[in-house]
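A.B. asks: As a plain string of letters, each chain reads:
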Amino acid sequence: MNTTQIRTMTRDFILKEFLPGERPENLTDSTELISGGILDSLATLKLVTYLEKSCGIEIAPDELVPENLNSIGHIADFVQSKQAST
Amino acid sequence: MTSATLHGYLEQSARRSPGTCAAVEASSGRQITYGEIDRLSSRVGDHLRRIGVRPADRVGICLPKSIASLAVLFGILKVGAAYVPVDSLAPPARNAFIFNDCGVRAIFVEASRAENLRYELARLAAEPRLLPLDWSDASSPLATYLARVEPEGGLTVEDESARPGPDSLAYVLYTSGSTGQPKGVMLTHRNGSSYVDWCSEILAPDESDRFSSHAPFHFDLSILDIFVPLKHGATVFLIGEELGKNPTRMASVIAERRLTIWYSTPSVLTLLVEHGSLDARDDHALRFILFAGEVFPVKHLRRLKAVVPRARYLNLYGPTETNVCTYYEIPQTIAEDRSAPFPIGRACSHVKARVIDANGRDVPRGQEGQLAISGAPVMLGYWNMPERTSAAFHVNSSGRWYRTGDVVIEDGDGVYTFRGRRDRMVKRRGYRIELGEIETALYRHPAISEVAAIARSEEAGVSIKVFYASRDGHALSLIDLKRFCAHNLPAYMAPDWFSHQQLLPKTSTDKIDYQHLMRME
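In order, the protein sequences belong to chains A and B. The first sequence: position 71 = 58 (my numbering), numbered continuously. The second sequence: position 362 = 459 (my numbering), numbered continuously.
It cannot be assumed that every hint is accurate.
[Unchecked claim] DMTMM-like, lysine to aspartate or glutamate: derived pairs with alpha carbons at most 25 Å apart:
id, chain 1, residue 1, chain 2, residue 2
1, B, K449, B, E426
2, A, K3, B, D459
3, A, K3, B, E426
4, B, K524, A, D27
5, B, K562, A, D64
[Said to hold, decoys possible] For each label pair, taking beta carbons as the anchor points, the in silico distance ranges come out as:
id, chain 1, residue 1, chain 2, residue 2, range
6, A, E45, B, S554, 56 to 62 Å
7, B, S487, A, K3, 51 to 57 Å
8, B, N493, A, T31, 37 to 43 Å
The hints are simulated quantities; they were obtained by calculation from the structure and are not laboratory data. Ideal Cβ positions, reconstructed from N, Cα and C, are used throughout, including at glycine.
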């Protein structure tokens, strides 16, 4: 899976699950997800579960940090690095 | 100068200055002098006696705000009966419930609404006498009505031994209880006059003052509007239901009629600054702007102060059960970065206030507790609800204390700050959340003009839903709203849902209608 694909599926998931009714163009690759109040702890866990299933990776609890998950850009980079290391 | 009865204020002013204008209908421009309204209300009283109304009876008022309804109100008081005002635009079934609940002997009703009301009363097997006033063909519906019924004659002897005194019931105001069933708050002449006399002390009105009467008569704000101007020989401008919802026309009335004292809810004042052309006029005569009934968002108050800088602003606080019991004067300048609402202030001179815990013990200063009030303006009780009445009071050796249900903190100077309604505090994920705090934070958002937060208990726990209206009428980006909350509220207070509305629903008393919001999905 390339970065673009990961970005697209992550964006679609967040829009559908956590931002119903939001215009897709408002959610950019750099929109702050955790510090911006879009993902609370429960939502973050939902997103992680989704990424694990659909990307075939395992995310350790200590990896659930804003540096990895605070934007769609961060997430795509993080997921790709996980895929590369497995 | 005080009076043992509320109608005594009118009678005294009528003796002093019979030719002075007492009241003006702001829409029609129709007016009436003190001498005329005193005589007109006496004729109402005579008619009520003739049809069998006796002291301590209740008489309903289901009329539009007008000179007629004002004269009717005083006529009822003059017989020694209590007036029971309702919202004439409310569903007839609700009004019938109220009139039946407190067993009114007669009801003054707008003729066009009489049939529906009669039908609903009949369903409850209630048969009070309906006294219909017809607005369609007469400029003075009350005088026309009296001229028609007076020749019928009948017994008019006044029972001297049953003259109303300070402890007679004067009015019953129905408030919508949290349970959904309206409850009747019983107030005596002394309850009302102690408050009116306090207003005299604070406002120092004279005959040159021109008061607004914006609140409908079934709302406790109206007690100031009705009795304070008439006590002082001033003039009251009656703002009816239609005009009261039209900010542009209200702004014209304020300027052209040179009103000196305005009293309404913050929602109405917000409407005036946001949508009225109040700012286009710099010739206001306003010397006092009074507001009560809900928290005034600071950003709207700041704009209002910029538009009308010379007036003094008083935040009045009090439930219907006590009417105003604390007050706070807003300082001349409001700090640019202030968004916290102003305190509700000090206890008025005619009441005593305490902050108590659930067991009625005093809470130390600086700690949250429930505000309790005792003194002359505190209600007799709820009509026909002895259990609810005794539950509302904490009685000890220092008196009978009405528990307001409002949580406050007292600072060192005896100034109280409102923290929230006991019933608007919810617990979510172990945190206690005051819904008003979420509203205060969101009012800081520049694009938001109105906001209301409600909590719902759901399977997964308590969820918080925010309804808002925006300046430009468009929904805001959810990402923007969530980011704003993340920067202005602790995470545990972040709302779960946002719902955009063109305007938030209002009650007939011009407050945000939370019960309506609770029913919305």
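A.B. asks: Against the range 37 to 43 Å, how does the distance between the Cβ atoms of B/N493 and A/T31 compare: consistent or not?
C.D. replies: Between B/N493 and A/T31, where Cβ atoms are some 52 Å apart, the hint is violated.
A.B. asks: Within 51 to 57 Å or not, the Cβ separation of B/S487 and A/K3?
C.D. replies: Holds: the Cβ-Cβ distance is about 54 Å, inside 51 to 57 Å.
A.B. asks: Can the restraint linking A/K3 and B/D459 be considered satisfied, given a maximum Cα separation of 25 Å?
C.D. replies: Between A/K3 and B/D459 the Cα gap is close to 51 Å, so the pair fails against 25 Å, i.e. violated.
A.B. asks: Against the 25 Å threshold, does the CA-CA distance of B/K524 and A/D27 hold or violate the hint?
C.D. replies: holds (18 Å)
A.B. asks: Given the range 56 to 62 Å, decide if the beta-carbon distance of A/E45 to B/S554 lies inside it.
C.D. replies: violated (36 Å)
A.B. asks: Within a Cα-Cα threshold of 25 Å, do B/K562 and A/D64 meet the stated pairing?
C.D. replies: violated (34 Å)
A.B. asks: Holds or violated: B/K449 and B/E426, Cα atoms, limit 25 Å.
C.D. replies: holds (19 Å)
A.B. asks: Would the pair A/K3 and B/E426 pass a check requiring their Cα atoms to be no farther apart than 25 Å?
C.D. replies: Distance ~49 Å between A/K3 and B/E426 Cα, so the pair is violated.
When the structure is compared with the earlier hints, violations turn up for hints 2, 3, 5, 6, 8 and for no others.
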